[in-house]
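2 protein chains.
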Amino acid sequence: MTLFVNPDRLRADFDALAAIGAVNANTDAPGVHRPSLSPAHLAARQWFLARAAAAGLETAVDAAGNHSAIWRARRFAAPIRTLLLGSHLDSVPNGGRFDGALGVLAALEALRTVQEAGVALPVDLEAIDFTDEEGTLVGELGSNALAGSLTPAMLAQPRGGRAALEAGLARAGLSEAALFTARRDPATLAGYLELHIEQGPRLTQSAIAIGVVTAIVGITSYRLTYTGRANHAGTTPMDARQDAGLGAATFTLTAREMVVRDFPGCAVNVGQMRFEPGAFNIIPGLAELALEFRASDAQRLSELEDTLLSLAGLVARQSGLQLALEPLGGCVPAPMSARAQAAITAAADSLALTHIELVSGAGHDAQVLAPLTPSGMIFVPSRAGLSHSPDEFTAWDDCVNGANVLLRAALKLAETAA
Amino acid sequence: MTLFVNPDRLRADFDALAAIGAVNANTDAPGVHRPSLSPAHLAARQWFLARAAAAGLETAVDAAGNHSAIWRARRFAAPIRTLLLGSHLDSVPNGGRFDGALGVLAALEALRTVQEAGVALPVDLEAIDFTDEEGTLVGELGSNALAGSLTPAMLAQPRGGRAALEAGLARAGLSEAALFTARRDPATLAGYLELHIEQGPRLTQSAIAIGVVTAIVGITSYRLTYTGRANHAGTTPMDARQDAGLGAATFTLTAREMVVRDFPGCAVNVGQMRFEPGAFNIIPGLAELALEFRASDAQRLSELEDTLLSLAGLVARQSGLQLALEPLGGCVPAPMSARAQAAITAAADSLALTHIELVSGAGHDAQVLAPLTPSGMIFVPSRAGLSHSPDEFTAWDDCVNGANVLLRAALKLAETAA
Numbered sequence: 005m006t007l008f009v010n011p012d013r014l015r016a017d018f019d020a021l022a023a024i025g026a027v028n029a030n031t032d033a034p035g036v037h038r039p040s041l042s043p044a045h046l047a048a049r050q051w052f053l054a055r056a057a058a059a060g061l062e063t064a065v066d067a068a069g070n071h072s073a074i075w076r077a078r079r080f081a082a083p084i085r086t087l088l089l090g091s092h093l094d095s096v097p098n099g100g101r102f103d104g105a106l107g108v109l110a111a112l113e114a115l116r117t118v119q120e121a122g123v124a125l126p127v128d129l130e131a132i133d134f135t136d137e138e139g140t141l142v143g144e145l146g147s148n149a150l151a152g153s154l155t156p157a158m159l160a161q162p163r164g165g166r167a168a169l170e171a172g173l174a175r176a177g178l179s180e181a182a183l184f185t186a187r188r189d190p191a192t193l194a195g196y197l198e199l200h201i202e203q204g205p206r207l208t209q210s211a212i213a214i215g216v217v218t219a220i221v222g223i224t225s226y227r228l229t230y231t232g233r234a235n236h237a238g239t240t241p242m243d244a245r246q247d248a249g250l251g252a253a254t255f256t257l258t259a260r261e262m263v264v265r266d267f268p269g270c271a272v273n274v275g276q277m278r279f280e281p282g283a284f285n286i287i288p289g290l291a292e293l294a295l296e297f298r299a300s301d302a303q304r305l306s307e308l309e310d311t312l313l314s315l316a317g318l319v320a321r322q323s324g325l326q327l328a329l330e331p332l333g334g335c336v337p338a339p340m341s342a343r344a345q346a347a348i349t350a351a352a353d354s355l356a357l358t359h360i361e362l363v364s365g366a367g368h369d370a371q372v373l374a375p376l377t378p379s380g381m382i383f384v385p386s387r388a389g390l391s392h393s394p395d396e397f398t399a400w401d402d403c404v405n406g407a408n409v410l411l412r413a414a415l416k417l418a419e420t421a422a
Numbered sequence: 005m006t007l008f009v010n011p012d013r014l015r016a017d018f019d020a021l022a023a024i025g026a027v028n029a030n031t032d033a034p035g036v037h038r039p040s041l042s043p044a045h046l047a048a049r050q051w052f053l054a055r056a057a058a059a060g061l062e063t064a065v066d067a068a069g070n071h072s073a074i075w076r077a078r079r080f081a082a083p084i085r086t087l088l089l090g091s092h093l094d095s096v097p098n099g100g101r102f103d104g105a106l107g108v109l110a111a112l113e114a115l116r117t118v119q120e121a122g123v124a125l126p127v128d129l130e131a132i133d134f135t136d137e138e139g140t141l142v143g144e145l146g147s148n149a150l151a152g153s154l155t156p157a158m159l160a161q162p163r164g165g166r167a168a169l170e171a172g173l174a175r176a177g178l179s180e181a182a183l184f185t186a187r188r189d190p191a192t193l194a195g196y197l198e199l200h201i202e203q204g205p206r207l208t209q210s211a212i213a214i215g216v217v218t219a220i221v222g223i224t225s226y227r228l229t230y231t232g233r234a235n236h237a238g239t240t241p242m243d244a245r246q247d248a249g250l251g252a253a254t255f256t257l258t259a260r261e262m263v264v265r266d267f268p269g270c271a272v273n274v275g276q277m278r279f280e281p282g283a284f285n286i287i288p289g290l291a292e293l294a295l296e297f298r299a300s301d302a303q304r305l306s307e308l309e310d311t312l313l314s315l316a317g318l319v320a321r322q323s324g325l326q327l328a329l330e331p332l333g334g335c336v337p338a339p340m341s342a343r344a345q346a347a348i349t350a351a352a353d354s355l356a357l358t359h360i361e362l363v364s365g366a367g368h369d370a371q372v373l374a375p376l377t378p379s380g381m382i383f384v385p386s387r388a389g390l391s392h393s394p395d396e397f398t399a400w401d402d403c404v405n406g407a408n409v410l411l412r413a414a415l416k417l418a419e420t421a422a
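If you're matching them up, the sequences are chains A and B in order. The numbers in this note's numbering rise by one with no breaks, and the one at position 255 of the first sequence is 259. The numbers in this note's numbering rise by one with no breaks, and the one at position 272 of the second sequence is 276.
To be clear, the hints were calculated from the coordinates, so they are not data collected in a lab. We put the CB at the ideal spot given by N, CA and C, even for glycine. Worth double-checking, as some hints may not be accurate.
Cβ-Cβ distance ranges computed for the label pairs, FRET-style [said to hold, decoys possible]:
1) B/Ala283 with A/Glu361: 22 to 30 Å
2) B/Pro281 with A/Pro83: 45 to 53 Å
3) A/Val264 with B/Asp310: 30 to 38 Å
4) B/Ala283 with A/Leu313: 15 to 23 Å
5) B/Ala174 with A/Val264: 44 to 52 Å
6) B/Ala283 with A/Arg166: 16 to 24 Å
7) A/Met262 with B/Gln322: 57 to 65 Å
8) B/Ala283 with A/Gln209: 24 to 32 Å
9) A/Thr63 with B/Glu330: 50 to 58 Å
10) B/Ala283 with A/Ser210: 25 to 33 Å
11) A/Asn30 with B/Asp266: 35 to 43 Å
12) A/Ala16 with B/Arg227: 46 to 54 Å
One-sided excerpt, in silico: chain A residues whose CB lies under 7 Å from chain B [claimed, not checked]:
13) Thr256
14) Val264
15) Ala283
Start from the sequences and build out the full structure, keeping to the hints where you can.
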């Protein structure tokens, strides 16, 4: 049987969801403001459960606030495993309508399509909306809780601050201690598939419909501090300065050149820079910069780290500055499952959709689930590569293509997962 | 008659003054904290008047709080002009013992020496302590008031803030409106001489005793803002970025290289840099930098300005960024009087002291007085070129040499000013 999602029903859901927490609603760039566990986010989750129930699906909310719609395979012999399809309904502050929302709605639509078609599958299907993917509070909180990788340390110093986390949990009726009980036994899972907008320009630039994600990049961050000597900017000759700002500027430029030349496909960013004492008329005695870099496999990430730190030290020596390195951690690269990739590729082929392999430069819940269960991601084009903005946009045909690929990849993975 | 200052009396005054507002008093780096019109600064000024009175000199405080000791020439025919000798008793927060203080004490000592010697001079001598040279409140407030170059605009948005200015004036018993009445008719002035520490390394590096200042640099400041596009630091390929931070870093490095190569003797400083939105994982969409540059003559300062602004624009075009320039003003270069320079040189020669011509890279009250009356400055070596710090230090012999040069240059200038 050749299944397709119902594009009109999916569109109606998409528009209804986009109205919850809407910003700039009547402009060319309508967006949504649904930070994790905010009233608008909680309203969106309630709406999702109501839509699932209206379709006759089971609903569930776990101890980490992950919201699910469940289609039961109705086989009574032997334990049935669950194939998760999902994404997230939270947004960054003043974000777009597509990031996360498309994946949850396509998952729901896939379940409805399977249910209507009366397909027999060897696994249950669960459309899941993970808590706090965007990290307004902790970042990938729900998927980490489900995967059992949530730690007390992640909750002790959350990126959004303790107060915001406590307020959000209270608003959602969640208990911090109980978050850890949301863990699921990997033996009960058949895999995880997520449809998401690319958030980069590669699909749109090459006019390709579907991205088959091969890996989600690993990310490492450091705070670098160059120290020289603050001094009078008028009386200190140019050749007698220890200008920490020059070290920071040199590193920033050279790091970029080096990554472009020697690490194709990797990324480096200096996202912030700050000088002390920071006056027009004082040579910077200290320059602090925020460094982050990404690579799609662990070996490459480690090489990139070695190279950038060596460069930072070289710049310090050449400039007569001291260098302090503060490692801020990050996450390891997550290769996607070969079986999941094959299922996505076959699904795209069955729909005669063009596709390429892509690395995800952004983090996703799939990277948390990948060590646990065969995981895969499907990307659809982002106009101009934009996301995290009301300007985020994906053509509706691309959304429907993505939902059909998700549906068929799920069927394919379900068959091989039995 | 060949006059010398009394080095022991000068030293006793120096030590007594250094105890007022002392910081780190019992360490190797004793400093002073006498921000303008702070209680410690006011105490230092009272002490100065008392020392002058004890020497039998007249004392005066004008409407701008400038404190003076006056030696009268005692000629009763025709109006007598006044040769000003001075500096300032305020310090930067946690500054050094020499900056400003040495010049005021040497001026007082010069008057005492002249008085004791019973020299006949055709001018009055006035040792003057100018209000707020360092700019904790306004910057060169007292000299501007005396010169008639103080404007209401300078008081409306003072660099230290209105509250600090109002509190300081109240503490000193000064009226804001009356500050403008401190103006003196240039016809009543015979010149201005100031002894000061160099605050740079040139004298100490070349082991020269005396710097004859030829000019005080002009300073121009701009706020530069590069605007690109804030974007996801993971999903945006390296070659598809509009990274405002790279523009700011490129400008910072290239500006320095250009000034070193093409503008010898000039200075450029990027004292602060700030990126927006300023996150590890977001490509900077905006980079703002604090630019200041200095040159010792107006033509050169203008050429430097043209070159730096052209460079800033070129970097923007090459990096695909927008550039906004906010001019923040500054001050024009102040050439020192040829007669004052000749008097200082002759004085140093008469004492067999080595001397070189120097440009002052820092601002001084002499730059405010230079357009008004023949002005000159004498520099003595600063250890390691340091100032504005408790580590500021000048060997005592160098201080005495400077005081003797001030004394003899004053006598020389007085003769030719009659």
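Taking the hints in turn, this is what the structure says about them:
1. A beta carbon spacing of about 29 Å between B/Ala283 and A/Glu361 agrees with the range 22 to 30 Å that was offered as a hint.
2. The hinted window of 45 to 53 Å between B/Pro281 and A/Pro83 holds, with their beta carbons roughly 48 Å apart.
3. Between A/Val264 and B/Asp310 the beta carbons are some 33 Å apart, a value that agrees with the proposed interval 30 to 38 Å.
4. Checked against the given bound of 15 to 23 Å, the beta carbons of B/Ala283 and A/Leu313, roughly 21 Å apart, stay inside it.
5. Separation of B/Ala174 from A/Val264 is about 59 Å and departs from the stated range, judged on CB atoms against 44 to 52 Å.
6. The supplied range of 16 to 24 Å is met by B/Ala283 and A/Arg166, whose beta-carbon atoms lie about 20 Å from each other.
7. Checked against the hint of 57 to 65 Å, the C-beta distance between A/Met262 and B/Gln322 comes to roughly 19 Å, which is inconsistent with it.
8. Range check, B/Ala283 to A/Gln209: about 25 Å between beta-carbon atoms, so the 24 to 32 Å window is met.
9. Distance hint for A/Thr63 and B/Glu330: a CB-CB separation of about 56 Å, consistent with the stated range 50 to 58 Å.
10. At roughly 29 Å, the beta carbons of B/Ala283 and A/Ser210 sit within the given window of 25 to 33 Å.
11. Taking the beta carbon of each, A/Asn30 and B/Asp266 are about 55 Å apart, not inside 35 to 43 Å as hinted.
12. Look at A/Ala16 against B/Arg227: about 50 Å separates their beta carbons, and that is inside 46 to 54 Å.
13. The interface hint given for A/Thr256 holds, since its Cβ lies 4 Å from the closest Cβ of chain B, which is under the 7 Å cut-off.
14. Nearest Cβ of chain B to the Cβ of A/Val264: about 5 Å, under the 7 Å cut. The hint holds.
15. Of the supplied interface hints, the one on A/Ala283 holds, with its beta-carbon coming within about 5 Å of a beta-carbon of chain B, less than 7 Å.
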